[in-house]
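A.B. asks: Spelled out, the chains give:
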Amino acid sequence: MRRALLWAVLVLAAVPVLFPLYYALAGGVMGARDLTAYPPALVPTGLHLDNYAQALRSVPLGREYLNSALQSGIITLFQIVTSILAAYAFAFLPMRARAVVFGLFLSTLMVPWEAIIIPNYLAISSLGLTKGPLTYLGLVLPFLASAFGTFLLRQAFLQFPSELRDAAVVDGCGHLRFLWRILVPLARPSIAAVGVYVFLSAWNQYFWPLILVRDPQYQTLQIGVTQLNDVEAADPGLILAGVSMALLPTLFIVIFGQRFIVRGLTAGAVK
Amino acid sequence: MAGYGLSWAYLLPSLAVFALFVFWPLGRSIYLSLHGSDIFGGAGRFVGLDNYAELFTEPRFLKVLGTTALFTLFSVVPAILGALALVLLLEAQIRGAKVFRTIFAMPFAFSVATASVVFSIIYNPAIGIANGLLGQLGVDRVHWLTSPDLALLSVSATTVWMNLGYNVLVLSAGVGAIPQEVTEAARLDGASGLRLAGRITVPLLSPQLFFLVVVSTIHALQSFGQIHILTKGGPDEATTTLVYSIYENAFAYGSADFGLASAQAIVLMVVVLAMTAIQFGVLERKVHYR
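As given, the protein sequences belong to chains A and B, one line each in that order. For the first sequence, my numbering gives the first residue as 29, with consecutive numbering after it. For the second sequence, my numbering gives the first residue as 249, with consecutive numbering after it.
You can trust all of the hints, since none of them are fake.
Ranges between beta-carbon positions, derived for each pair:
1. V387(B) / R30(A): 32 to 42 Å
2. M138(A) / W256(B): 16 to 26 Å
3. W256(B) / G101(A): 23 to 33 Å
Calculated from the structure, these hints are not laboratory results. Yeah, the Cβ is synthetic: ideal placement off N, Cα and C, and Gly gets one too.
Hey, can you work out the whole structure from these sequences and the hints?
C.D. replies: So, in structure tokens, the structure goes:
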């Protein structure tokens, strides 16, 4: 009896949580008649796969998909590399004023991006990085390093005993060789956690591409979806088809990469 | 043996990015906030604290601060309490808990743009499903995003939904880290249900709860996308938060008042720092670290 009640409560809670996802996927194949029907249709009466084709024609979502993949891919790759290098220095290299430099890194986490977005915008546009393919550079340049990644990887590196490093030195292994050949493979789960987290935040960016990108050819997917929302307001099926396409990569990560997300998200919660 | 120089080589790529895109812009934000703006958006003449004085004597800006506080409250508290309730329920119910956890984590797959677009369709007053379903119950057409009383709540509700998945993931990880022996021992002592949750689980989750309060508050203060997509700050500025106001002054409608917008940006930073400091000062003492 108690079990059944708990189940009922959980199911009741799951409905509103799941509904927007269901509505995006189901609505994406619904015709305009279903979506505007009264009483409202909750289940598609027909399969309107042409919503997808029409959404792709209305806004160049395909091109924007590639732009977003490129932008997020570059940001992720660079943040992983710069974070690994910095984390290695903090964990294994002799350093003067280590605490001060580490504090300097962490202080960047306290500066809200929105508080420095104006000067960054002015600098990037005065460098001409809003013109043509240079837009890609403008999209990624401010995000090529991160204190969060450095912090998380430093924690991971510190788990390995310094004897590991000493043994490698005895074997004549230099720093870079030790780092890439031994440490990076060992710390792969933490690196994956940083990668997943960085990729998701880059993929989901909104404010920066909104103000930066002028040439529609270099627009990102997130902005594209909202443009679809503006131009196709009369046909919600098209918009939801576009949303479904934009959701695919992140949905995939949430379902299959959950353990990496949790590792990355909670790194700061455990002291 | 490596000298001290080597560590700088490893730090240099990160330090260069931070110097160019965090520290220098921060200085520049302060500089801009002390200047007027010329028509091209460049820094105009030095005006001292005039921009700040203008902000804090303007009823419009005081309203913006109030809206920001309300939005933060409405979006942070329900999302954390809701996630906590869900996670505690999951802990009591063993069978199917994993499936439910994945379901509750689903909103995390949405970006601010995709979530806001879906909600804008749900909220549509004429054809949206929210009014469609309520209409079945005999409720009159609700203007979710265009009524000054409701708009902030509707945008907050969207944000709560978006953040729920993240909060569930963090709290579930916290529950998973509680040693079995602790809950077993409490159960043997006769604790169950609410008592177990109140006396054992919630206190042991306090590091994760504290983390969520700090991170969600910072996040809420920085919210932009859902406001830009759902309401554009309206109706009648009812949803104009600090960050949205920065956007309007700097980038919207060719405004380019970078001086005034920068003053607001510095206010934003001070608010974020102050909130974080207060939370560490007041709340962290109550956190039980294992």
